[in-house]
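Asks: Sequences and hints are given; from them, build the entire structure.
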Amino acid sequence: GAVVSQHPSRVICKSGTSVKIECRSLDFQATTMFWYRQFPKKSLMLMATSNEGSKATYEQGVEKDKFLINHASLTLSTLTVTSAHPEDSSFYICSAREGTRRETQYFGPGTRLLVL
Amino acid sequence: AQKITQTQPGMFVQEKEAVTLDCTYDTSDQSYGLFWYKQPSSGEMIFLIYQGSYDEQNATEGRYSLNFQKARKSANLVISASQLGDSAMYFCAMRDGNNNAGNMLTFGGGTRLMVKP
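If you read the protein sequences in the order shown, they are chains E and U.
No gaps in the numbering here: position 52 of the first sequence is 52 in our numbering, and each next residue is one more.
To get our numbering, take the position in the second sequence, counting from 1, and add 1000.
Among the hints, a few may not be true.
Here are the computed lysine-lysine pairs in the DSS-like style, where the Cα-Cα straight-line distance is at most 27 angstroms [said to hold, decoys possible]: (1) E:K14 / E:K42; (2) U:K1070 / U:K1003; (3) E:K14 / E:K66; (4) E:K14 / E:K41; (5) E:K42 / U:K1116; (6) U:K1003 / U:K1073; (7) E:K64 / E:K14; (8) E:K55 / E:K66; (9) E:K66 / E:K20; (10) E:K66 / E:K41; (11) E:K41 / U:K1116; (12) E:K20 / E:K55; (13) E:K41 / U:K1073; (14) U:K1073 / E:K42; (15) E:K64 / E:K41; (16) U:K1003 / E:K41; (17) E:K42 / U:K1003; (18) E:K20 / E:K64; (19) E:K66 / E:K42; (20) U:K1003 / E:K64.
Read the hints as simulated data drawn from the structure, not as lab findings.
Just so we're clear, the structure is a prediction, and the values are computed from it rather than from any experiment.
Replies: Next comes the structure, spelled out in structure tokens:
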């Protein structure tokens, strides 16, 4: 199956700093990438949908100035958590949809963010 | 609006037995897709099986099968011959076929499956 990577897998940062998370599709071109957030023992919540070369579409309640998404190429999307606070601590997962396979999204391994 | 419901927060199954994880959905769309994902403790999401709303046959992938009952709007996952490695969280998800934002998924709350030796 298709492979999606995320980097870093874990990050600890101080409150007020910015953190960038990368999501890469390794063996296919992802026309669309999705960013999810997952709290402990909870389901995944979609944060935003990212299409290559255009602005991301954010879900209601997600601050676009707080969570900056860039999808500069067909294999890379980045999520930047700006001025991170402890309440931003969470598990962030990206997924990518291959252009030809509409029915399946491939997920990255996730990034655990801890803001102190 | 879409809604995915998984009514079993946790389940136990004896090794080598079959288990059914429930999923019901609510949508007014005629075209949609249903998915099951497995999430082990490491956190990664592993795609298991897909069922399209127009598929007449129930989907099967190895030990996984999807019991699709369209009239009841249910898409239960059946795992046959459970293995210890099946212990994980399982999420049911639905794709909106008419979504212009690129087929985003809506997830259910998940079911934690624990396989007993």
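Asks: Could you tell me which of the hints above the structure violates, numbers in ascending order?
Replies: Violated hints: none at all, because every hint is consistent with the structure.
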